[in-house]
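There are 2 protein chains.
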Amino acid sequence: METLVVVGHPQIQDSSTQQFLKEAAALPDVTWHPLSTFDLNVAEEQALINQANRIVLQFPLYWYSAPAILKNWLDQVLTRRFAYPDAMGSLVGKELGIAVSLGSPARQFTAGGSENFSLSQILTPFQALAHKLQMTFLPTFVIDQFSYQTDDEKTKLLVNYQRYLTQAQLGHFDDRTNWLTARLAKLIPTVSTDKQQQLTLILEQLKNDQATLTDLQANLKMVQDMEDN
Amino acid sequence: METLVVVGHPQIQDSSTQQFLKEAAALPDVTWHPLSTFDLNVAEEQALINQANRIVLQFPLYWYSAPAILKNWLDQVLTRRFAYPDAMGSLVGKELGIAVSLGSPARQFTAGGSENFSLSQILTPFQALAHKLQMTFLPTFVIDQFSYQTDDEKTKLLVNYQRYLTQAQLGHFDDRTNWLTARLAKLIPTVSTDKQQQLTLILEQLKNDQATLTDLQANLKMVQDMEDN
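These protein sequence lines are chains E and L, in that order.
When the letters of the first sequence are read in order and numbered with numbering that gives the first Met the number 0, they come out as residues 0 to 228.
When the letters of the second sequence are read in order and numbered with numbering that gives the first Met the number 0, they come out as residues 0 to 228.
Excised from the complex, chain E in its bound form (with noise of 0.2 Å):
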């Protein structure tokens, strides 16, 4: 799977949020593409999105919306003829992720708090678009006041991240736990030795949950049936 993540970000070298990301989105098959100009090479942009599954659009909540240089990404770059299904329908199929970060509690963002409308219904615009493109719209990554997280915190971040950028259906736990095995195996040859026998220890508790929770699950199926029949 291909993700190309487009940033929209008026000092994006500022932002140690955009910073922070940008690190942990240098995986295989992910497109980092930052926007630092207005003025876009609309067939360029286009091939980008040709080029990938899962697009996700990251930005900070400006006003309860994208920044003006995503917004002008989206108005110049998904032309009608490009991006409608009756068209080209050059989107018809792929993923949209939204991964915002927030200069206010995620908390407040409820019906009674300071923000008064929860993310769902500020991001719906983007929702509309995913439905009109016939695409798929994925749950939101929401960066919660980066600069106020604790190092645990930013570790689950960064994880999640990568889960969200990477993985290939998100939200399922055999699918969380297959894609940090699988990160596992890779990361253990590329460390000391001493890491590589702590990874592999938990590499193996890992797959020892795994097949618990598929025994579980069995168990659970058998009892269903039986109180089925």
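Hint data in this document are derived by calculation from the structure and do not stem from the laboratory.
Glycine included, C-beta positions come from ideal geometry on N, C-alpha and C.
Do not take every clue at face value.
Claimed, not checked - Using C-beta positions, here's what the derived DEER-type ranges look like:
(1) L:133 x E:38: 33 to 41 Å
(2) L:86 x E:184: 47 to 55 Å
(3) L:110 x E:188: 49 to 57 Å
(4) L:39 x E:198: 20 to 28 Å
(5) L:52 x E:110: 23 to 31 Å
(6) E:47 x L:39: 27 to 35 Å
(7) L:152 x E:42: 33 to 41 Å
(8) L:158 x E:149: 53 to 61 Å
(9) E:47 x L:49: 39 to 47 Å
(10) L:18 x E:167: 49 to 57 Å
(11) E:148 x L:18: 49 to 57 Å
(12) L:10 x E:12: 43 to 51 Å
(13) E:50 x L:86: 41 to 49 Å
Unchecked claim - Listing some non-contacts, in silico: residues in chain L with all C-beta distances to chain E over 10 Å:
(14) 18
(15) 23
(16) 66
(17) 71
(18) 115
(19) 121
(20) 146
(21) 169
(22) 189
(23) 190
(24) 222
Since the structure of chain E is already known, use the hints to place chain L on it.
Just chain L, lined up with the frame of chain E:
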């Protein structure tokens, strides 16, 4: 009441909708402010906001939001210091209206329609903006596929648009009639004698209707009061 109309359209000159609305907006106490650049003098823009009680953001719906040129205006002009209620709070108590023109039929903006989401859902980011800045969010003014409208529909559009820009309180029948009678009274001395007679008759009819409505409302209230006792 002073109204500022911020028009965000990448090709205002080529838009018959915007040219029609521009002529309709040539009224006292209305400032027509078309955006033509991404490079703004922020202080000048903020001064325009300070002069107005009602701010109308006017744009064609591009990918379920405002075009980038209008989003850029919001991003640049509404600085934290200028706009946030806990700072200068320059917009507190003002009204925020949205005048949006649609390329798809308005009836498709509904669950199950081709657009699948209502305009209220799609415009949530603007409602959230008004909430954050402690502004009153006005009902949205919709221009439904202008190029397909009949002359009659365009005449109604013109009157309703002028009301949207200038009527002190939107949405109440009394106010609508008062607004129309005031407009007619101003218009009558400026037209030919024939038309003066016609318009005077209409004006009288309107005033009679208004009086009848007031009577009806008084009767209704009396009946309710009797039932309550």
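Hint-by-hint comparison with the structure:
1. L:133 x E:38: 33 to 41 Å: holds (37 Å)
2. L:86 x E:184: 47 to 55 Å: At roughly 52 Å between Cβ atoms, residue 184 of chain E and residue 86 of chain L fall inside 47 to 55 Å, so the hint holds.
3. L:110 x E:188: 49 to 57 Å: holds (52 Å)
4. L:39 x E:198: 20 to 28 Å: Once the Cβ atoms are compared, 53 Å apart, the range 20 to 28 Å for residue 198 of chain E and residue 39 of chain L is violated.
5. L:52 x E:110: 23 to 31 Å: Because 28 Å falls inside the window, the suggested range holds.
6. E:47 x L:39: 27 to 35 Å: Roughly 29 Å apart at Cβ, these two residues keep to the hinted range, so it holds.
7. L:152 x E:42: 33 to 41 Å: Distance hint for residue 152 of chain L, residue 42 of chain E holds at roughly 40 Å.
8. L:158 x E:149: 53 to 61 Å: holds (59 Å)
9. E:47 x L:49: 39 to 47 Å: Between residue 47 of chain E and residue 49 of chain L, where Cβ atoms are some 43 Å apart, the hint holds.
10. L:18 x E:167: 49 to 57 Å: holds (50 Å)
11. E:148 x L:18: 49 to 57 Å: holds (51 Å)
12. L:10 x E:12: 43 to 51 Å: Violated, at about 33 Å.
13. E:50 x L:86: 41 to 49 Å: holds (44 Å)
14. 18: The assertion about residue 18 of chain L holds, with a minimum of 21 Å to chain E.
15. 23: The claim stands: residue 23 of chain L keeps its Cβ more than 10 Å from every Cβ of chain E (closest is about 26 Å).
16. 66: violated (6 Å)
17. 71: violated (4 Å)
18. 115: About 5 Å separates residue 115 of chain L from the closest Cβ of chain E, which leaves it inside 10 Å; violated.
19. 121: violated (6 Å)
20. 146: Residue 146 of chain L is indeed farther than 10 Å from all Cβ atoms of chain E, at 16 Å.
21. 169: holds (22 Å)
22. 189: Consistent with the label, residue 189 of chain L stays out of reach of chain E, its closest Cβ about 42 Å off (over 10 Å).
23. 190: holds (44 Å)
24. 222: holds (38 Å)
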